[in-house]
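Respectively, the protein sequence lines represent chains B and C. With the first letter of the first sequence counted as 1, position 88 gets the number 95 in the numbering used here; the numbers rise by one all the way through. With the first letter of the second sequence counted as 1, position 73 gets the number 74 in the numbering used here; the numbers rise by one all the way through.
Because the hints were derived from the structure by calculation, they are not lab data. The model shown is predicted, which means the values in this text are computed figures rather than measured ones. Treat the hints with care, since some could be wrong.
[As the list claims (entries may be wrong)] Simulated coverage check for chain B against chain C, where a stretch passes if three residues somewhere in it have a Cβ under 8 Å from a Cβ of chain C:
1. 19 to 32
2. 42 to 56
3. 62 to 70
4. 73 to 86
[Stated by the list, open to error] Beta-carbon label-pair distances, calculated as ranges:
5. C:His-120 with B:Ile-79: 53 to 63 Å
6. C:Gln-110 with B:Gly-23: 41 to 51 Å
7. C:Ile-67 with B:Ile-79: 12 to 22 Å
[To be verified] Capping the alpha-carbon separation at 20 Å, the derived lysine to any residue pairs in SDA-like fashion look like this:
8. B:Lys-35 with C:Trp-96
9. B:Lys-35 with C:Leu-19
10. C:Lys-119 with C:Asp-109
11. C:Lys-92 with C:Tyr-116
12. C:Lys-92 with B:Arg-42
13. C:Lys-28 with C:Asp-109
14. C:Lys-3 with B:Tyr-60
15. C:Lys-92 with B:Arg-94
16. C:Lys-119 with C:Gln-107
17. C:Lys-92 with C:Asp-103
18. C:Lys-3 with B:Tyr-13
19. C:Lys-40 with C:Ser-78
20. C:Lys-3 with B:Ser-9
C-beta atoms are modelled at their ideal positions from N, C-alpha and C, and glycine is treated no differently.
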Amino acid sequence: MSLHDYFNYIIIPILGFSVILIFIRFLKGPSLSDRVIALDMLILISICIIAVYSIQTSQSTFLDIAMLFALIAFLSTAAYAFYLEQRERK
Amino acid sequence: MKDIMIMIFSTIGAIFVLSSSIGLLRKPDVYMRISVTGKASTLGIGLILASAAIFFNDYSVTTRVIAIIFFVFLTISIGGHMLARAAYFTKTPIWKGIKSDDLAGQYDQVTHVLYSEKHDSSVKPEKLENTSPK
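Work out the full structure: start from the sequences and follow the hints.
Right under this line is the structure:
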């Protein structure tokens, strides 16, 4: 089994299944913090998928996009947490 | 040899990410979900990115991967702490199986400062006048 087949048949389905599970939590999360942490986790899994994709196409340029996604994940989580706290304070 | 190492690393990383997502779906409480995300997904992301670094075997890619891993390790914990703090202030319900809440009453609800004893700035002036004469 070559590396290409292995990524296609084992790694990508595992990551896709975990994306589905997290999206269920994103849809039904009872509080706003659940949705924010599920969104954070979705972006982090997309970093994994980008890394696998850059191995498959053997183009290392995609890892720049992964770094950008890590930045955006932290920014969105910090901003959501900050405004959640500010909304409570009034 | 390189292929086998890449396969092992990416498989362990994907299994960690899957276990973290199962925990995110099945845990009964916001704080447990945040904790699960911080623990398991950092290792999964680190292993998958490390497999990418092994595959390319290049200085520029390895530097980029190390930067991403370092950044993710820092930011997941900081973001999780900020989010759990915000969830505690918005009074998100704790799972009913938890017996004790050690933080109860220690956060000042007005100024959002953490004290090491029970503290409430809206009741504090009267208390000071009652206890201060020495």
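Here's how the hints hold up against the structure:
no.: 1; hint: 19 to 32; result: holds (count 9)
no.: 2; hint: 42 to 56; result: holds (count 9)
no.: 3; hint: 62 to 70; result: holds (count 4)
no.: 4; hint: 73 to 86; result: holds (count 8)
no.: 5; hint: C:His-120 with B:Ile-79: 53 to 63 Å; result: violated, 37 Å
no.: 6; hint: C:Gln-110 with B:Gly-23: 41 to 51 Å; result: holds, 43 Å
no.: 7; hint: C:Ile-67 with B:Ile-79: 12 to 22 Å; result: holds, 20 Å
no.: 8; hint: B:Lys-35 with C:Trp-96; result: holds, 17 Å
no.: 9; hint: B:Lys-35 with C:Leu-19; result: holds, 19 Å
no.: 10; hint: C:Lys-119 with C:Asp-109; result: holds, 9 Å
no.: 11; hint: C:Lys-92 with C:Tyr-116; result: holds, 18 Å
no.: 12; hint: C:Lys-92 with B:Arg-42; result: holds, 16 Å
no.: 13; hint: C:Lys-28 with C:Asp-109; result: violated, 28 Å
no.: 14; hint: C:Lys-3 with B:Tyr-60; result: holds, 18 Å
no.: 15; hint: C:Lys-92 with B:Arg-94; result: holds, 12 Å
no.: 16; hint: C:Lys-119 with C:Gln-107; result: holds, 5 Å
no.: 17; hint: C:Lys-92 with C:Asp-103; result: holds, 14 Å
no.: 18; hint: C:Lys-3 with B:Tyr-13; result: holds, 14 Å
no.: 19; hint: C:Lys-40 with C:Ser-78; result: holds, 9 Å
no.: 20; hint: C:Lys-3 with B:Ser-9; result: holds, 12 Å
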